[in-house]
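Chemist: Spelled out, the chains give:
Protein chains: 2
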Amino acid sequence: MYAAPSIQKLLDELERLPGIGPKSAQRIAYWILNTDRATALRLSEAIAEVKDQVHFCKRCFNYAEEDLCDICRSAKRDAGIICVVSEPRDIPPIERTAVFSGVYHVLGGALSPLEGIGPDDLRIAELMKRLASGEVQEVVLATNPNVEGETTAAYLARLIKPLGVSVTRPASGLPVGGDLEFADEVTLGRAIEARRPL
Amino acid sequence: MYAAPSIQKLLDELERLPGIGPKSAQRIAYWILNTDRATALRLSEAIAEVKDQVHFCKRCFNYAEEDLCDICRSAKRDAGIICVVSEPRDIPPIERTAVFSGVYHVLGGALSPLEGIGPDDLRIAELMKRLASGEVQEVVLATNPNVEGETTAAYLARLIKPLGVSVTRPASGLPVGGDLEFADEVTLGRAIEARRPL
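Those sequence lines, one after another, are chains V and W.
Under the numbering used here, think of the first position of the first sequence as 1, with each following residue one higher.
Under the numbering used here, think of the first position of the second sequence as 1, with each following residue one higher.
These are computed hints drawn from the structure, not numbers from a lab.
Check before you lean on any hint, since a few could be wrong.
Which residues of chain V face chain W? A partial, calculated answer using Cβ under 10 Å [claimed, not checked]:
(1) Ile7
(2) Glu13
(3) Gly19
(4) Glu45
(5) Lys51
(6) Glu66
(7) Ser86
(8) Glu87
(9) Pro88
(10) Pro92
(11) Thr187
(12) Gly189
(13) Glu193
Below, computed lysine-lysine pairings styled on PhoX-like, alpha-carbon distance capped at 20 Å [said to hold, decoys possible]:
(14) V:Lys9 / V:Lys58
(15) V:Lys51 / W:Lys76
(16) W:Lys51 / W:Lys76
(17) W:Lys51 / V:Lys9
(18) V:Lys23 / V:Lys9
(19) W:Lys23 / V:Lys23
(20) W:Lys58 / W:Lys76
(21) V:Lys51 / V:Lys76
(22) W:Lys23 / W:Lys9
Derived coverage of chain W by chain V (criterion: at least 3 residues anywhere in the stretch with Cβ under 8 Å from a Cβ of chain V; other residues may be distant) [to be verified]:
(23) 3 to 9
(24) 64 to 75
(25) 110 to 119
(26) 154 to 168
From the three backbone atoms N, C-alpha and C, an ideal C-beta is built for every residue, glycine too.
One chain only, chain V, in its complex shape (with noise of 0.2 Å):
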């Protein structure tokens, strides 16, 4: 295929992307080509800055820029009630929802014994230090509804509940918004079984 160099060098590294294949990558390209030069080092700046600046909070493990994430740096924040998610992306969903008020801990990922990933790989005995310290009343346990999430889950509750902390899961059920109709057999049994008297 024919693109200058230094064009053909650029659509290599947008297909690396995530869901950007050969056609999302050439359109990409072509706006970066268009684009005045200001617009487009400010996104080339962007992507530097972000590995420069970003590191994982030393307290939950969420990405920061200082020391502390803001949520581990707010006053505001309930640090009796840690919400366990696996990956940091979990977060601003959690955020958007403006429900939940407590602090996080990041386990950077799910244990999967086919992918060789047991809980020394991931960030348990720091939750446990955390712990240790008797201020926290409440665990929500916030891992994915999938196999890997389930497992863990488990594994924390059994883990952390001699420890006297009351440890929680997010209900699951049907989506709001969702048809009745559409729901798999799985959310809407256990909507079912968690029906609540109105």
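With chain V's structure known, arrange chain W on it following the hints.
Modeler: Same frame as chain V, now just chain W:
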């Protein structure tokens, strides 16, 4: 929404890209955060490099890193046939067909009275200057088969024919591998009009 400032900045810049909405931007941003530093910086530098090194070919206005693009510099290309396209992005698909061995001329758009784009806004004077040398035997008008592209082709044909240069346009017809059933009327009509003996 919660995100560290440098992450938010990256999200904002990614969302400007064509075909990238908030969800894709987030997916790409987290990929950049998770990937190794070298890979992320290669992307960052490829964007900056393309803005530094790529400009327009002085002859055909394709993207080029030197004064002339690879095609204009190539001794293998037939300078006697010029294929006229609207944008540099139209060149790679034609090159991929491997059936065209001439050179190109990029207009930089198409005539559009509605958007106020007239002949002086396109590189038509530059094309006429190239034709003035008398070395060109054929001009292939490969502007897009839409209203603006057809208008531009008709305008250029009227301008070029008096010079005694042969003017052609890629055939309209049924896409190969397509279904007759789903062809639009205009395309099917043109395909039947332009039917060929077997």
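Chemist: Under the criterion that the straight-line Cα-Cα distance not exceed 20 Å, is the pair V:Lys51, W:Lys76 satisfied?
Modeler: Given pair V:Lys51, W:Lys76 is violated - Cα atoms ~45 Å apart, limit 20 Å.
Chemist: Does the closest beta carbon of chain W sit nearer than 10 Å to the beta carbon of V:Glu13?
Modeler: This interface hint holds because 4 Å falls under the 10 Å limit.
Chemist: Restraint: V:Pro88 near chain W, CB-CB cut 10 Å. Satisfied or not?
Modeler: With a minimum Cβ separation of about 7 Å from chain W (threshold 10 Å), the hint on V:Pro88 holds.
Chemist: Is the interface hint satisfied for V:Glu45? The criterion is a beta-carbon contact with chain W at less than 10 Å.
Modeler: Holds: closest Cβ of chain W sits about 7 Å from V:Glu45, inside 10 Å.
Chemist: Can you confirm whether the C-alpha distance between W:Lys58 and W:Lys76 stays at or below 20 Å?
Modeler: Holds, at about 19 Å.
Chemist: With a cut-off of 10 Å on the beta carbons, see whether V:Glu66 makes it to chain W.
Modeler: Holds. Min distance 9 Å.
Chemist: Does W:Lys23 pair with V:Lys23 here, judged by a C-alpha cut-off of 20 Å?
Modeler: holds (19 Å)
Chemist: Is it true that the CA of V:Lys51 sits at most 20 Å from the CA of V:Lys76?
Modeler: violated (29 Å)
Chemist: Hint check: W:Lys51 vs W:Lys76, CA-CA at most 20 Å. Holds or violated?
Modeler: violated (29 Å)
Chemist: Would you check the hint for V:Lys23 and V:Lys9, treating anything up to 20 Å between C-alpha atoms as holding?
Modeler: Satisfied, since the Cα-Cα distance of roughly 15 Å is no more than 20 Å.
Chemist: A closest beta-carbon separation below 10 Å is what the hint needs, so does V:Ser86 meet it against chain W?
Modeler: Check failed: Cβ of V:Ser86 comes no nearer than 12 Å to chain W, outside 10 Å.
Chemist: Verify this for me: three or more residues of the stretch 64 to 75 of chain W with a beta carbon less than 8 Å from a beta carbon of chain V.
Modeler: Answer holds; 5 residues pass the 8 Å Cβ test.
Hints 7, 11, 12, 13, 14, 15, 16, 21, 25, 26, counting from the list given before, are not met by this structure.
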